[in-house]
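Asks: Okay, here's what each chain looks like letter by letter:
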Amino acid sequence: MRSPGYLALLLALAVVCLPALAKTPIFELEIRDHLFQPEEIRIPANTKIKLVVYNRDPTPEEFESYELNREKVIMGGRKANIFIGPLAPGVYPFFGEFNPRTAQGRVVVE
Amino acid sequence: MLLNSVILVLREVLEAAVLVSVLLALAHSVRLRRHWLWCALPLSVISVMIYSRALGTLTEALDGAGQEVINASLQGAVFLLVPPILCLCTGFPQSGHRRLLGALMGLAVTFAIVRECAEIQIYVQAFSAASGQARAVWAGSALGAGIGLSAGVLVYAGLTALAPVASRRVCLVALGLIGAGMVMQGTMLLEQVDWLPQQVPLWDSSGLVSEQSFIGELLYAVLGYEATPGALQVALYGASLVLAAAAAAVGRKWRISSETTV
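So the protein lines, in turn, are chains A and B.
Residue numbers for the first sequence follow the numbering used here, so the first one is 1 and each next one is one higher.
Residue numbers for the second sequence follow the numbering used here, so the first one is 1 and each next one is one higher.
Be careful, since some hints might not be right.
[As the list claims (entries may be wrong)] Derived DMTMM-like pairs (lysine to aspartate or glutamate); straight-line CA-CA distance at most 20 Å:
no., chain 1, residue 1, chain 2, residue 2
1, A, 50, B, 60
2, A, 23, B, 211
3, A, 50, A, 64
4, A, 48, B, 63
5, A, 79, B, 60
6, A, 79, A, 62
[Said to hold, decoys possible] Here chain A is said to cover these stretches of chain B; the calculated rule only asks that three of the stretch's residues, wherever they fall, bring their Cβ under 8 Å from a Cβ of chain A:
no., segment
7, 48-59
8, 122-128
9, 147-159
10, 190-197
11, 204-214
These are calculated hints, taken from the structure and not from any lab test.
Every residue gets a Cβ at the ideal spot worked out from N, C-alpha and C, and that includes glycine.
Produce the complete structure using the sequences and hints provided.
Replies: Next up, the structure:
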């Protein structure tokens, strides 16, 4: 009992979402010895990107950024996907909340 | 490691402690006994253990969105519990409703503690096992938890020191704000996994009150303070407050009608 309007809405949603999914660039980051490698990632302005963070340490870490409004616990030996942007040009620091003294990094949007 | 542990644990405990204090003060103002808290606390501890153990696997569920979806759901659940609690507290809580009110408060506390404290469990378990750090991690965590709980006790003492009617009003408003804050934080988690579109910040008040400052953290716990909210967050925040006010108004009407019929 699906109305044509319902189907049209689904189709419209698919049309809006699919290109976005297909084009999202992926950036990778590692946590090793409580350090982010690389410490700096450069991403294009006004573009949504997918950041994949691999935690190579046996201990957990929390990816956190006040400027990016992001927080995610990444267990030891696991990875996490974090979507970022579209953002205005600027520098957006992030850190590992479990080891903030060493685990520091930044997203440079240009 | 010591200072880091203090800050990390304080941040999380503060948020849960503020909610628990407001609910306790509200229960006090409507003369609800505290059975619900003694049920909610052990349930919370067990839930935190299970959740933190399963987090690695859960994170990878739903195409990597599992952690955010669960956390946003926990915050959403607290938000959904707020209107019925407000309605029952402004209404005319009779014995049957009192039991329901206690159950709702207990659930809200459990969801909030699981959301906030699973991270503490993961942190303490992992880093207290690392060589040479155990003492700093435990001492720092105990200190952080102590400061957070003390802040909660202060909030409770402040709220219950007010005249009963004023105390209840302040608690109702505070609970409405906490619920709205939960919704706002939940939407940010869903943006993080692309379940909601990323919002362009409407303003940036980080120069005024930094989210990293103690005041910022306290405002975050009470109001869901966010220095750079998007249009969706602000709209949902406003809608949540309207919903909370409507629930309180319904409760009031219910009480007035029951008083006139008696």
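Asks: So, against the hints stated earlier in the document, which numbers end up violated here?
Replies: Of the numbered hints given earlier, those the structure breaks are 2 and 9, listed in rising order.
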